[in-house]
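Colleague: Those protein sequence lines, which keep their order, are chains A and B. If you read the first sequence in the numbering used here, its first letter stands for residue 217, the second for the next number, and so on. If you read the second sequence in the numbering used here, its first letter stands for residue 883, the second for the next number, and so on.
Hints in this document: simulated from the structure, not taken from any laboratory. All C-beta atoms in this analysis are idealised placements derived from N, C-alpha and C, irrespective of residue type, glycine included. Some hints here could point you the wrong way.
[As the list claims (entries may be wrong)] Footprint (simulated), chain A over chain B, 3 or more residues, beta carbon under 8 Å:
1) 1037–1050
2) 1101–1110
3) 1215–1222
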Amino acid sequence: MAMSTKAIAATRQYSRIGAHSSSTIKYDTRSFSAIILQQQTKNNLDPPSSSSKNNLDPPSSSSSSSSSYVDHSHLYNNTYHPQAPEPNYTDLGPTTKLNLFTAINSAMQTAMKTDPTAIMFGEDVAFGGVFRCSQDLREEFGEGRVFNTPLSENGIAGMAIGYASAGGTAIGEIQFGDYIFPAFDQIVNEMAKFRFRSGNQWNCGGVTLRTPVGAVGHGALYHSQSPEAYLAHTPGIVVVMPRGPRCAKGLLLSSIRSKDPVVFLEPKILYRSAVEEVPDADYQIPLGKAEILRPGTDVTIVGWGTQLRTLQIAADLAAKEGVSCEIIDLRTLLPWDAECIIESVKKTGKLVVSHEAPLTCGFGAEVVATLQAECFFHLEAPIQRVCGYDTPFGLVFEKHYLPDEKKNLDAIRRVMEFSL
Amino acid sequence: MFASKAASMLLRRSAASAVSSSAPTGAAAALRNGMANMRLMSSDVATFDLTGSFETHHLDTQPNNTIEMSKEELLSHFELMYTMRRMEITCDNEYKSRAIRGFCHLYDGQEAVATGINASFETADSWITSYRCHCTALARGGSVESILAELFGNVDGQTKGKGGSMHFYNKAHNFFGGQGIVGAQVPVGLGFAFANHYNAKPGSPMQVAIACYGDGAANQGQIWESANMASLWNLPMIFCIENNHYGMGTSMDRHSSHSDYYKMGNHIPGVRIDGMNVLAVKEGMRFVKEYVGSGAGPMYVEMMTYRYHGHSMSDPGTTYRNREEIALTRSTRDPLEFVKRTLIDAGFADAEQIKETEKRIRKDVAAQVKKAKASSKPTIEPHLFEYVYSSGGGKEQNEFPPHIRMPDFSKSKNY
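Please take these sequences and the hints and turn them into a complete structure.
Modeller: If you want it as structure tokens, here you go:
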């Protein structure tokens, strides 16, 4: 049966599409996983053997447990996502001053260089993206690996899931976090549950969905939202938000290489305004671990993303009044490092949680609920949440809406009143 | 809508043993001389007529109007289809006797579609389908025992009892499952097509990806999103509508303003296939796979088929359609009856042999169901929290990520 001339022409054409960067890679769907395993070993993604990571004994004060409960603790022998230890920045070699979008670009360059199955796609990413995060990627890796998609968030997410399930690494971009909602069905029902419902036969760990979030000063209703609470309510995915260029590169590399699907939320206001010395090397920051930015003794203040800058200003103002604040960046929202916050609150006895997203059912509610259950007798004051209001916010009300440093200072003062 | 022929028109049949007048071929003669006692093997081939089984859209070519099939192959299709039928009837009985709980969407009436697609596909082709997936799971490397065990919720089931009726998977056969969300499998199928395109060896045909969904799902927006991308990038994607004419309880003309689903891709070519004729399905899918795998772009395939049961076990299937319609389909268009008549007409088997085969399969299915029942349920430890996330360190052991909250909070490691 003769094929139409169009079909024959197409056969010749498609063989030219896709600049595969390495000729030594076998193109065989069945060896997809073999390719990945090979790559991962080369990049030393084995878990660390250091003993500090294995001190996971439960607290001894578990007298509240009922005697009929079966002890499951022998099952918890491993640190979640021990993909890399906390990087030692002094040992990482030369650094370059990068802002957030160039740091993210650097992470994607590294990921795509080290993983030949990695593809990057989204709306308008081919020319560099509306925030320049993907600049030069298409020139470097070819149109077969970096390409534009139509305006189809659900389709983008679904395609990422399918490609990852077939063994590849899919870095999808949703142009604004406000547009992630059409993709929610794929994220919640497919991405989060693929491994579970297939009994580990299939998984889409190769998916990383990146999206800019947060208020930016001119974004108004649909370019300013922070959807982390909706996403964090989904067991099966990982939700990450960096606070600056240096941790963004490490977190994004961890996210892309993670064996679980990740939604990576980038605070868009920091794309140009945050500048830090970022190591040129390939480094990873462990997922699921918080970071103490500034140790303190009087109050613990917790935030993520852009909010850390506000909290640092508030902490400086509080320091003038003699209050020593311990500032903690969660970095990963799902799974979040409750242990770090709990240890801190046991020390300080007071907690303030702050986020841009609306107050009701924001992620701060999860932090507060867990902390009050675990640290009830250590708390000296009710836990304060300093968040956006329960309203959409257009441009005209943005300054009133945001939980700025004054509102945070107010909350710090309020909790300090309880301790005399 | 086609009427399946009551018996496929047998065009010619070559079996060196039976026909005495034609001169035997060299191979047949040698065999006959050498092994006079043995029945000649794969020279039992017949050609069948498929005229009227296909309609095309935006295509210069179309599937062949004839297909050659050997006795062994047609018998294997019959056995698979009969196993599917017995399995689905067993599911019906087990559900009614409350051994199977939850959801159960039965595929009987549509067996020819899954069998025919599987016959024309390679294992390396990717397949994803909807919740009506028992028979596809069987065709793609499953066994009645593992499927029934899964339906009973037992740990020996194909997904360790955690997936249930809508979630069967098979990694070795590139079967990406059963999905509960209507239409959501199609963008995921697009991803498989992309992977096949990405991994293709230049100059040879690509492996294809097929996403099966129903006429009810066909109007989902995300399907058009996927079709647009597949067409834009010439991906080896097959959009397969299993048109059983009812979207749950609503008939096609009441849920779809446009019922020529094979034309739904607009500029994307399409072919409509008589889904009750397994020979037509096989030949049609052979054509589609060849076209799509060549890089000419995606294709819409509409299988005209029918389901005897209701949408699910909670739907009697008679409140929105006539019993006469169901009975008429059973008597004139049943895919199993068609294959049986074809086997007899081609002289591949007689009624006795078919009865024997049926009896054997019934016994086998019953035995496997019994074994499936004997398995046990999954336990909280370790199965409840298993595989929500990958295990730590990239090793595929089953270890709980410590952040998952156990029922007793104080026992949750690292909170």
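Colleague: Each hint should be assessed against the structure and marked as holding or not.
Modeller: Hint-by-hint comparison with the structure:
no.	hint	result
1	1037–1050	holds (count 6)
2	1101–1110	holds (count 5)
3	1215–1222	violated (count 0)
Checked against the numbered hints given earlier, this structure breaks only hint 3.
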